[in-house]
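Engineer: Construct all of the structure, not just a fragment, from the sequences and the given hints.
Protein chains: 2
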Amino acid sequence: MSNKKPRTAITPTRDEDFPEWYQQVIKAADMAENSPVRGCMIIKPYGYAVWENIQKNFDSMIKDMDVDNAYFPLLIPMEFMSREAEHVDGFAKECAVVTHHRLEADENGKLGPAPSAKLEEPYIIRPTSETIIGDSMARWVQSYRDLPLKLNQWCNVMRWELRTRIFLRTSEFLWQEGHNAFEGEQGGVEDHEKMLEAYATLVEDYMAVPVIRGKKTPEETFPGAISTLTIEAMMQDGKALQSATSHYMGENFAKSIGIKYQNREGGESFAHTTSWGLSTRTIGAMIMVHGDDDGMVMPPRVAPYPVGIIPILRDDQDKEALLEYCRDVVAKLKNIGIRAKLDDSDSRTPDKMWGMIKKGVPVRVEIGAREMEEGTLTHVRRDLGRDSKETCSVADFVTKLPSVLDDIHDTLYKRAKDFMDSNMAEVKTLGEMETLYKDGHKGFVKTPISVLKESDLQRVEKDNAITARCMPFSDNGQTVIFGKAY
Amino acid sequence: MSNKKPRTAITPTRDEDFPEWYQQVIKAADMAENSPVRGCMIIKPYGYAVWENIQKNFDSMIKDMDVDNAYFPLLIPMEFMSREAEHVDGFAKECAVVTHHRLEADENGKLGPAPSAKLEEPYIIRPTSETIIGDSMARWVQSYRDLPLKLNQWCNVMRWELRTRIFLRTSEFLWQEGHNAFEGEQGGVEDHEKMLEAYATLVEDYMAVPVIRGKKTPEETFPGAISTLTIEAMMQDGKALQSATSHYMGENFAKSIGIKYQNREGGESFAHTTSWGLSTRTIGAMIMVHGDDDGMVMPPRVAPYPVGIIPILRDDQDKEALLEYCRDVVAKLKNIGIRAKLDDSDSRTPDKMWGMIKKGVPVRVEIGAREMEEGTLTHVRRDLGRDSKETCSVADFVTKLPSVLDDIHDTLYKRAKDFMDSNMAEVKTLGEMETLYKDGHKGFVKTPISVLKESDLQRVEKDNAITARCMPFSDNGQTVIFGKAY
Numbered sequence: 015m016s017n018k019k020p021r022t023a024i025t026p027t028r029d030e031d032f033p034e035w036y037q038q039v040i041k042a043a044d045m046a047e048n049s050p051v052r053g054c055m056i057i058k059p060y061g062y063a064v065w066e067n068i069q070k071n072f073d074s075m076i077k078d079m080d081v082d083n084a085y086f087p088l089l090i091p092m093e094f095m096s097r098e099a100e101h102v103d104g105f106a107k108e109c110a111v112v113t114h115h116r117l118e119a120d121e122n123g124k125l126g127p128a129p130s131a132k133l134e135e136p137y138i139i140r141p142t143s144e145t146i147i148g149d150s151m152a153r154w155v156q157s158y159r160d161l162p163l164k165l166n167q168w169c170n171v172m173r174w175e176l177r178t179r180i181f182l183r184t185s186e187f188l189w190q191e192g193h194n195a196f197e198g199e200q201g202g203v204e205d206h207e208k209m210l211e212a213y214a215t216l217v218e219d220y221m222a223v224p225v226i227r228g229k230k231t232p233e234e235t236f237p238g239a240i241s242t243l244t245i246e247a248m249m250q251d252g253k254a255l256q257s258a259t260s261h262y263m264g265e266n267f268a269k270s271i272g273i274k275y276q277n278r279e280g281g282e283s284f285a286h287t288t289s290w291g292l293s294t295r296t297i298g299a300m301i302m303v304h305g306d307d308d309g310m311v312m313p314p315r316v317a318p319y320p321v322g323i324i325p326i327l328r329d330d331q332d333k334e335a336l337l338e339y340c341r342d343v344v345a346k347l348k349n350i351g352i353r354a355k356l357d358d359s360d361s362r363t364p365d366k367m368w369g370m371i372k373k374g375v376p377v378r379v380e381i382g383a384r385e386m387e388e389g390t391l392t393h394v395r396r397d398l399g400r401d402s403k404e405t406c407s408v409a410d411f412v413t414k415l416p417s418v419l420d421d422i423h424d425t426l427y428k429r430a431k432d433f434m435d436s437n438m439a440e441v442k443t444l445g446e447m448e449t450l451y452k453d454g455h456k457g458f459v460k461t462p463i464s465v466l467k468e469s470d471l472q473r474v475e476k477d478n479a480i481t482a483r484c485m486p487f488s489d490n491g492q493t494v495i496f497g498k499a500y
Numbered sequence: 015m016s017n018k019k020p021r022t023a024i025t026p027t028r029d030e031d032f033p034e035w036y037q038q039v040i041k042a043a044d045m046a047e048n049s050p051v052r053g054c055m056i057i058k059p060y061g062y063a064v065w066e067n068i069q070k071n072f073d074s075m076i077k078d079m080d081v082d083n084a085y086f087p088l089l090i091p092m093e094f095m096s097r098e099a100e101h102v103d104g105f106a107k108e109c110a111v112v113t114h115h116r117l118e119a120d121e122n123g124k125l126g127p128a129p130s131a132k133l134e135e136p137y138i139i140r141p142t143s144e145t146i147i148g149d150s151m152a153r154w155v156q157s158y159r160d161l162p163l164k165l166n167q168w169c170n171v172m173r174w175e176l177r178t179r180i181f182l183r184t185s186e187f188l189w190q191e192g193h194n195a196f197e198g199e200q201g202g203v204e205d206h207e208k209m210l211e212a213y214a215t216l217v218e219d220y221m222a223v224p225v226i227r228g229k230k231t232p233e234e235t236f237p238g239a240i241s242t243l244t245i246e247a248m249m250q251d252g253k254a255l256q257s258a259t260s261h262y263m264g265e266n267f268a269k270s271i272g273i274k275y276q277n278r279e280g281g282e283s284f285a286h287t288t289s290w291g292l293s294t295r296t297i298g299a300m301i302m303v304h305g306d307d308d309g310m311v312m313p314p315r316v317a318p319y320p321v322g323i324i325p326i327l328r329d330d331q332d333k334e335a336l337l338e339y340c341r342d343v344v345a346k347l348k349n350i351g352i353r354a355k356l357d358d359s360d361s362r363t364p365d366k367m368w369g370m371i372k373k374g375v376p377v378r379v380e381i382g383a384r385e386m387e388e389g390t391l392t393h394v395r396r397d398l399g400r401d402s403k404e405t406c407s408v409a410d411f412v413t414k415l416p417s418v419l420d421d422i423h424d425t426l427y428k429r430a431k432d433f434m435d436s437n438m439a440e441v442k443t444l445g446e447m448e449t450l451y452k453d454g455h456k457g458f459v460k461t462p463i464s465v466l467k468e469s470d471l472q473r474v475e476k477d478n479a480i481t482a483r484c485m486p487f488s489d490n491g492q493t494v495i496f497g498k499a500y
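Quick note, the sequences are listed as chains A and D, same order. Taking the numbering used here, the leading residue of the first sequence gets 15, the next gets one more, and so forth. Taking the numbering used here, the leading residue of the second sequence gets 15, the next gets one more, and so forth.
Please keep in mind that the hints were generated in silico from the structure rather than gathered at the bench. Since the structure is predicted, the reported quantities are computational estimates derived from the model, not experimental observations. One should not assume that every hint holds.
Which copy is meant is left open, so a pair is good if it fits within one copy or across any two.
Stated by the list, open to error - Below, a list of computed lysine-lysine pairs in the DSS-like style, where the Cα atoms sit at most 25 Å apart:
hint : residue 1 : residue 2
1    : Lys-164   : Lys-70
2    : Lys-77    : Lys-164
3    : Lys-132   : Lys-107
4    : Lys-70    : Lys-348
5    : Lys-77    : Lys-132
6    : Lys-41    : Lys-274
7    : Lys-355   : Lys-70
8    : Lys-333   : Lys-467
9    : Lys-346   : Lys-70
10   : Lys-414   : Lys-467
Structural biologist: This is the structure:
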């Protein structure tokens, strides 16, 4: 056995430096980059296409659940924040504050906010739209006939973050935020469960990221909520990433913002509300779950293009004929609803191949003179690498591609699930858990629910930089899962 | 002939007070409303669904043209604005300025920007992303191999407006902005023509709004552009609304922001760029082109739901059976890809009918006990009113509906086109034009191009509150069209 390190496309490798590996994968796959605006990212076309696919799939799910999309203002009046501050301890004060509405040049010609255009009351850029959507709901809901009211918004939000990391924590990010209102407890409780299941479906069935569905412990529950549900995924460094949450607020939010209505008996009731959100953060999770030392590995159902085609050109060859043959393959795949990207640039062939590998294109197709003569093509799976290289007729490829893509999805999911399962320890006591982490355990630890009552819990969490991730549904609330978290 | 005014659902009528009619239609159709944030609107579900349909159709067009979507920061560094200020006279200074990044409570507990969290350099909320996208393009374009680069962004933008009107002019609005770069003049010129044609297709073929395609006069050309193309629509008050524009900047923008590249000869060249945008403003145009004195009239291809179904319930009747019959119609239409909305609320039947009329649902279906027994339904076209009422079998309805919707589209388009044509005057001189407007002409006036050189032009424009809308392509630049404009 050789000790020689195999050549990888990404330096450093995951083992060497996971956080730096993550940044390098994003760069190599050309998904996003830092911007000239502190803490804000630019989502490049290859990264944005993933977000569009996430949006498309989730949007169609929530429309089937009778949720309506709408759009609310970017700015939040200060008065709304004061209201929230009264009710919510954990209220985020780090936010972008708009204080002026005009620029003007000073005596030296330097542009700045015009003193004459100072706003009487500043606005803040929405860190969430909870208050401004709630304010509308309070006006729109007058009678039980107006319920349920289910609203969702796809938008940008802003929270001033000091330490940022692309996709995972940025001052501006994209998300959807849903805010639903119901007549009674049952409607609200069922809704926040249904929404969590929609997230789990999205993340597992489209992004191939296995998650643990569960309920947050009282300490981790969203301020003001009766119950916070979460899906937690395990990254390849063993850390947890909370991929989406769904909250049931009972009547708390409705009472603070005034969502009351005439009930069926003619009296006045407060609505039961839920809120639920998923952001571009999940793209970060997908990278850290599937990426390898050669770059990104895209799950086929959200991949910008599931197939990449590379024409293998030689100097003496009829370039146009080969490209025509390749374009015909693109067209045949388009007919069955699968997007293929032809790299007809004049880069070198090895650069094109490594480009596709680093971008994690699920299936790479290579077509040279021999393939063209024979009516075939050669294809390689990103998840299995060069051992999966095969040559077959174009017709056969088109026929089998949908099931190949399904198999790639299943393989990625199973690989990640096996990883999560094998990095999940189970112990009976707080002491055992602490020993595990002190001994270098990377991953989750499951304990009996009784651990939450131990007086030493906070110290153990703090010393080991772990938190209670959730009480998994699968154990009916009898256990808690701990882990380090992003 | 009776002088009695017919009852209308909207007060005032278009003739009585067009601007107020417009606001009342939006309210009656439940499309949008003013928000607690000065000058910003809330786009309600029924209005937002129109925007989603516009987005879906236009997005698929631009993707076919190899445009990539991406996302750039909401905030623009002041330094970028200064750069733009140097180059652009018409640079907009009315914008939202972010000066602080934290809130804190003062001694009285009142929240405000924290003095300790004042930004060294303020940011502004994007009024357009031209500079920040251009800055990226300058980094991304190094070689002719990187061209063409075609980027589009769907986002919110903000311009501090003093006098606002929902959809037409609001401080925050939604739009797409495209920014493309090419190797040479030909690529840029062709691109800005192609993009204008895409807009014309979107607005005419989906929104049923006829437009005049043309080029802006030098005075009306976008600052810094070589050529600005526009599509102009005529509202029912005879005023023009510029529905979308497409600019060719030559090398001007590339020079100011540094988009240069190594050309095919090994030398250095500046890219030729275009930019093109369409906003939620077009929804306002659609309302003012198609709406009538009973409310909105939705063009079927962007209607949130082309069909609305009203169950006509009587007290002694089996409600559930009737609703089941209605749901079956909804399912049958879903099968052919047409969305139908069943109003199963417990509002009164006349309220439901007027609700659908005011919302402008293209085809209203009424189903009562008789229809259910006979396996039929009754349907009415919004564009033709009660005279178009017909009863037919459900199967026949499903079969003919697609062509009925096409016919509604064609009818709306033709009606608007006839209106525009009949309100287009043609004169030879500036004097004749002025007389027309002084005599109360509402509509456009076409003149020979030579009028642009007359010294009295500016005075005539100012006195009559008109502007040169465009030099229509159809006259090969030999004429100019004038009009009052939104």
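Engineer: Taking the hints in turn, state whether each one holds.
Structural biologist: Here's how the hints hold up against the structure:
Proximity of Lys-164 to Lys-70 under the C-alpha cut-off of 25 Å is found in both arrangements, the shortest distances being 18 Å within a copy and 22 Å between copies. For a Cα distance limit of 25 Å, the shortest separation of Lys-77 from Lys-164 inside one copy, 10 Å, qualifies, whereas the shortest one across copies, 31 Å, does not. Taking CA atoms no more than 25 Å apart as the test, Lys-132 paired with Lys-107 passes in both settings, with 21 Å inside one copy and 14 Å between copies. Both within a single protomer and between protomers do Lys-70 and Lys-348 lie at most 25 Å apart by alpha-carbon distance, with minima of 18 Å and 18 Å respectively.
In this assembly of identical chains, the alpha carbons of Lys-77 and Lys-132 never lie at most 25 Å apart, being 42 Å within a copy and 42 Å across copies at closest. For a Cα distance limit of 25 Å, the shortest separation of Lys-41 from Lys-274 across copies, 22 Å, qualifies, whereas the shortest one inside one copy, 50 Å, does not. Proximity of Lys-355 to Lys-70 under the C-alpha cut-off of 25 Å is found in both arrangements, the shortest distances being 20 Å within a copy and 21 Å between copies. Neither within a single protomer nor between protomers do Lys-333 and Lys-467 lie at most 25 Å apart by alpha-carbon distance, with minima of 71 Å and 54 Å respectively.
Proximity of Lys-346 and Lys-70 under a CA criterion of 25 Å is satisfied in both settings, with 23 Å inside one chain copy and 24 Å between copies. In this assembly of identical chains, the alpha carbons of Lys-414 and Lys-467 never lie at most 25 Å apart, being 55 Å within a copy and 67 Å across copies at closest.
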